[in-house]
Amino acid sequence: MITAAGLTLAVCAVGLALLRVTVAAPQHCPEITPESLEAAAGASATWIEVAQYPDGRYVYEYDREADTLSDDYNVVRHAGVTMSLYQAAALGDLSRLHAADRGTAWMQANLIEHDDWVALRNPETGLVKLGASSLMLAGLTQRRLATDDPLYDDLMRRLARFLVVMQLPDGAMLNYWDPATGAPNPAVRSRYATGEALWALAQMHRHFPEDGWDEPSWRIADYLALHRDEVEELDFPPWPDQWAAYSLSEMADWPLEEHHIEYARALAERFGFLIRVESQRTGGPINEPFHGQLTRAAGLGTWVEGLTSMWRLASTDERLADLEPKLAERAICGAGILADRQVTAAQSADWPSPALTAGGWFRDGLTRMDDQQHALSGLALTGAILAREEDAP
Amino acid sequence: MSGIGITILLIFAAINPPAVLATINRAVDRRLDPKVAAVAFVAGAALLLAATFAADAFLDALQLEPETFRISAGIVMAVTGAAFILFGPFSFPVEDGWKGALFPFAFPLLASPAAFAAVLTRSADKGEPQTVLATLIVVAAVSAGVFALSGRSTPVVPILARVIGAVLIFRAVGLVIDGIRAV
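Protein sequence lines, in the order shown, are assigned to chains A and B.
Read left to right, the first sequence gives residues 1 to 393 (the working numbering).
Read left to right, the second sequence gives residues 1 to 183 (the working numbering).
Quick caveat, the hints were computed from the structure, so don't treat them as lab data.
All figures in this text were calculated on a predicted structure; none of them were measured in a lab.
Note that beta-carbon positions come from the ideal geometry of N, C-alpha and C, so glycine has one too.
Stretch by stretch, here's where chain A covers chain B in the computed footprint (C-beta under 8 Å, at least three residues):
no.: 1; segment: 59 to 69
no.: 2; segment: 103 to 109
no.: 3; segment: 177 to 183
A partial selection of chain A residues facing chain B, derived with a Cβ cut-off under 8 Å:
no.: 4; residue: Ala4
no.: 5; residue: Glu269
no.: 6; residue: Arg276
Bound-form chain B, shown alone:
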């Protein structure tokens, strides 16, 4: 898989679209307002892009080498993946309108801690352009997908969320190993 392919997969698994959809559908029993999905996309993407552009400065401030941060990012993702497998999608109250778009849709569902970890480590390792592109593709796709499937019966989605949690753990372990094996 190419570099950007890995970045897309990592961010996709970190956000876990089926889990986002399940959380939204658990709290809202009708189709989302498109403006809500749009606001969530803008806010979630903005948060993750800010992290992407701030990655080097952030790691400098923390006095961490990118190779060492890979291990931390892998742990955050592995814990998140394990939580999806053990507990399924998270539950949050969702208010109507832009408030619900910001919390929990934008944060912490789209811009989740695992997604922050993913964009920070990929930006530090592979550079900003690739990470920006991958972030925009994934966040846009997830926002659109959640909008399209919101309010529908989606019994298989919690199972898919667990499967993607397993994928996230697999990628996270790889990231930790990369961090340990790097000079």
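Bound-form chain A, shown alone:
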């Protein structure tokens, strides 16, 4: 009997050990306080400011081991980084406005005008990509929120009109406007651009409720909630679209219809799952084969952005109220992981360019400007959750 019992226990122990290194690996959520969160967000914004060229562009990619800068550039990411600085300003850090306005000045210098609209184009290739204009507009709406300054109101309306030009009858957005034909390219959609456009237009409705930006917004929201994953053949729906999450949160008091709420719930579940998986990743030769490489900040940041957006929606719409505590928990966990992986000022001293290393997130020795963008947004937006938790009795 002893032998059989021992063998049984041994089999159980082996099974438990296998589980422990695979699906049941410990979840690490580094502690984060309001102070450390603010410091991490500030350091990220400072990285962006340090990495800004005099003409308003940013360092696209930096290799800290070789101490070299990439020659590549991406106009959509430029608009996104600028938007994140405006977002930080809208959340209270007005010191970021100067750098953001320089980023906007570069975009203003690269606009293309057509009919009654303008769009941001790539000065190198001439390509007019919807996402660049959407994020430029989203940034300017955040600036309007931060400053109440009407300086860019006309520009915002002209950008918004371009977004509407790019909309298909089913609510989806086309990705490119073709200067050669003077029309949108009807063949190309983008998994990113549709949500980006919705967020920008939904914010336009907040600032200019009489203009009718809600009508195209509803059509995009319906497309995202009901059709996008299938039409665009996205695997494992819902695709974790933080831009859609931002949008639904922005539209919370319109109010949303039941199918939007169902979509929001599915998004919340997906972001939560992704953070739980990430919290089991520690890197290294034992963990990595089972759990994969640490996600870069540009990815992890988007999940935190998505969670914070879903948390705001759950705080507003009682149909999602049951998710609020868990969403808060996951967002704080994601922010804690981000802060924990950020290069500190002390650590940066070991590298050739400490100024381009401190406050950044590196993977395989590289950081790209959208690592800091999404991490900054995610961290800054988690501030409201931590503040609420601090105020709780």
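Fit chain B to the known structure of chain A by using the hints.
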């Protein structure tokens, strides 16, 4: 199905009563002593109730969220269910008296790894009262049933064990999906 109904079904499928009966009848060709069934019930229930009450502390110690543990529990149950379907009831030597009641009757037949997984995940998700009640109902029923049918010819039982193995896989997949779909 209600919350407690699901918990009862989960623990029932995890223990797999026909498989327990088949294992006992394979090793013992006479009716069990009622004291053996009683000891097995007390020991098996005690082990599972200990797991029920320790669930939160256990998951904390493992640094696992209940939602994540659902996936692990589902995998343990799915593997067990697959083993029942592929290999049928397990074989263990059964000694006379209380020793046989403790091993293999109480552990690992009543308090099986799949049953531990079931009570841990349900206790963490639905609370202790529901899980305690479900555990006591199922373990008592299985102990009594095995006692009543022990020593009898039960040719259909291995087939039933496989069927319940399939039910266990079905519930386990649901648990894994719940774990993936949770925030």
